[in-house]
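> Chains A and B supply the protein sequences, listed in that same order.
Heads up: the first sequence at position 205 corresponds to 205 in our numbering, and the numbers run straight through without jumps.
Heads up: the second sequence at position 149 corresponds to 149 in our numbering, and the numbers run straight through without jumps.
Hints are not guaranteed to be accurate.
Identical copies look the same in the list; a pair holds intra-copy or inter-copy alike.
Taking lysine to any residue pairs in the SDA-like style, the calculated list, with each CA pair at most 25 Å apart, reads [unchecked claim]: (1) K145 - V117; (2) K145 - E128; (3) K145 - A133; (4) K35 - E425; (5) K341 - T100; (6) K275 - G314; (7) K168 - F299; (8) K341 - A106; (9) K341 - Q110; (10) K341 - R197; (11) K145 - E114; (12) K201 - S222.
Simulated from the structure, these hints should not be mistaken for laboratory data.
Just so you know, these numbers come straight off a predicted model, no measurement behind them.
Protein chains: 2
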Amino acid sequence: MKAVATIHDDDFLYEQIAARFERQVKEGLLKPGDKLLSVRALSREQGISISTAYKAYVELENMGIIEARPKSGYYVKFSPSRFSKSPAVKPPLTSTGQTTIAEMIATVYQHMPEESVLKLSRASPAMELIPLAKLNKSMIEAIRKSPSGNSNYEHLQGNISLRNQIAKNAFNWGGNITGDDVVTTQGCMEALVFCLRAVTKPGDTIAIESPTYFGIFNVMLSLDLKVLEIPVSPEIGLDIDYLEQAMDKVDVKACLFVTNFSNPVGSCLPDERKKQLVTLLTQKQVPLIEDDIYGEIYFGKTRPHTCKSFDREGWVMLCSSVSKSLAPGYRVGWCIPGRFKEQILNVKMMHTISSATPTQAAIAHFFEAGRYDLHMRNLRRALYTQCLRYMQGIAAHFPPDAKVSRPQGGYALWIELDKSINAFELYKAAMQHNISIAPGQIFSTDGRFTNFIRISFGMPYDDLVDKSFMVLGGLIKALQFCAEI
Amino acid sequence: MKAVATIHDDDFLYEQIAARFERQVKEGLLKPGDKLLSVRALSREQGISISTAYKAYVELENMGIIEARPKSGYYVKFSPSRFSKSPAVKPPLTSTGQTTIAEMIATVYQHMPEESVLKLSRASPAMELIPLAKLNKSMIEAIRKSPSGNSNYEHLQGNISLRNQIAKNAFNWGGNITGDDVVTTQGCMEALVFCLRAVTKPGDTIAIESPTYFGIFNVMLSLDLKVLEIPVSPEIGLDIDYLEQAMDKVDVKACLFVTNFSNPVGSCLPDERKKQLVTLLTQKQVPLIEDDIYGEIYFGKTRPHTCKSFDREGWVMLCSSVSKSLAPGYRVGWCIPGRFKEQILNVKMMHTISSATPTQAAIAHFFEAGRYDLHMRNLRRALYTQCLRYMQGIAAHFPPDAKVSRPQGGYALWIELDKSINAFELYKAAMQHNISIAPGQIFSTDGRFTNFIRISFGMPYDDLVDKSFMVLGGLIKALQFCAEI
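Pulled out of the complex, with its shape left as it was, chain A reads as follows (with noise of 0.2 Å):
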């Protein structure tokens, strides 16, 4: 006769029984499609608990195992990707409760150069999207063009052609400068850095959108920065008067928005708007740290404006890299600081020296060659069809109720699942399957966005994807099945 099972015990028991399943599973005793043993019923078989009984089946879930038919019960699913790659390298199955935001972040990151694993997760472009040759071809030939071959120490502002070829597109979006206004740095997250060590100090109030990039919190904690969080809206974009009213009662030393495109959400706020920004900001003499990396990755006809475009005094810091329109991993990025250009260089001489030569040399090249524009074109058509497509997928295989965003630019799509998805378990059920997508909880400080994830549609909409979409779409239906019992 078995004794009641403690806390522990039922914990070891209810991973013992979901073993047992995915063994049998394995080896062919229970083949896709078979029915199981209603929750009752297991308890009564295994002389275990209700409870024990429901984790069993809940942790097969979250493998990716068996799934949940609403008044049916469990089944065997039918997962062709489910052995193919060994556990070893799976993220380990921890309960969320316990896992910090930066742990899941580092958990959803650091699987990222593993080429078995589809990064739905990743807001860059696919490598069927850059073009390769002529980037290589730019390489080599800024290589023979440089007596030193690009070997040496570049000049601490950067290239000048480059700085110059970045002043020159920034008429695109409004921008009236040359290449003096230009700091070049290694990505845009190192220019973000270099922007908060110039303005601000370890203590200091620091107003970001919520939800943002987590990169851009995860660099705050990192500063010694504290963050105020501003509402960002699919919509409307910032919640400016939001924003005012705070900085009534707070005493924010400066401003990190994406105003083209915000990571996750995809808003996009119009001139207007952007205006009263740059002269609420003015007037109170607060620096805009003005992130733009998606500001090139526009779906409608003109290249929107950015907050620096408005900018008469200098408060506004516009930084970005060719890292989502062009080469992610040659960490070629830029800084327009305005006033803050001598500090900015402060900084960037203490903590780099120069950035590397070869990497700006080749994107120069890239630009001055003319090959950036057409690119960009090609880019833009393809990101807007598969925009299209991935919405389409996830109309096809998410329940009805997932709410999806509707970008008019950038890479991501923010999708708004049922309450009672933990978007963290989502994660690592997808993960069994090699699907990696980016949890809710890592867009805020506070892991406020339980029910949402983002995934980007860097890549083209193939077959590959469109399972991926299937297998995310039955695991939602399975947690959201397994909460409602």
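Position chain B against the provided structure of chain A, taking the given hints into account.
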């Protein structure tokens, strides 16, 4: 009749007079070797004070136009490079008294990439010493080898081939590590910043050497860290007893030392003392950030050990790069962070996402192709020869009381001049001849090394360097003479 000049007019007057002489020299009215009026005679002739007359001559000396010959008077100097450049690109002649150390550093290094300046201030290999053809070949082959042309994000920890090669090379300094112990960075400077960010918080005190590379205390200031300067002598290196005593009084959170061929002094901590240092810090559980950037540039028979090689408990974080050995502009560096690996990866993720892919791949290829060992043998031989030639040149042209360090590796000579010499004034005077030296002031937080200069022997000793030494020697003698009268 002239009125007695006020202080303001006086400033104006000596500049006017100096400018008149300059014009006369330029127009050939005064020729090299011509003797000028004595200070007293000039004062009488122009109806100006003796002090104004002195100032005019000192200004002309600083500009390198005239020279003072002891017990003889002032003469027009011969200097072939005198008028080869327009003055617009020269650093402004501000008074040292009002120049902060940060400003001095900025002044010294802002002209670095200019082709026309002879860079005796740059501690890195001259173009002639870089195996450019092979390096370019490695870059091109690395692009061809990669299906993504190295355009994609690299793994957070860094290129795996590169990390394995770094681990393999570690054998030479007594290291027993694998590629998994290595994290790549954007040059050694970023590695140091990551280490500091990983183990300190603002307000902490860090022990550093004195004198030390200005970049090190610069980054301390930028991270709001306090520094405790530990003396280092050319003979015995770091004063570990001083450190131990200081640590009893001050709460030192970390140490940052250049253990091999410290910059600028060039000393190398003997193995026994390295062991002693590691034992001390391990016992006190204080991390040692070991900057080993010059370790490969040894003139003796074997590569010196590192503190890391005596580190049993992971308290040593070794930082290095290829900037001094292969390609400064590639910005490829690394860190071997011992027990702090997770913290370093966190900081790296928050600040840069990943290091540039193409440059890491190219350096990895260079190593793998077996090109590194041969190159380093050649480089070391060339640098040792240059070091000796530079010392000869200094002996030939500098005043006999100049004391020169005898480095056993690295790139720099540390030269003590007569106490009356202000090295930053010497720097400014030398820049008039397009010669850039590093003034001693920038190697401590309080500018205490006022009569020291650092001269780097990265460039082959050719006629141009020889002539520059002649010019420098003349300037030093002139400054010394001025101080005496």
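> Among the hints numbered above, which are violated by the structure, and what are their numbers in rising order?
none
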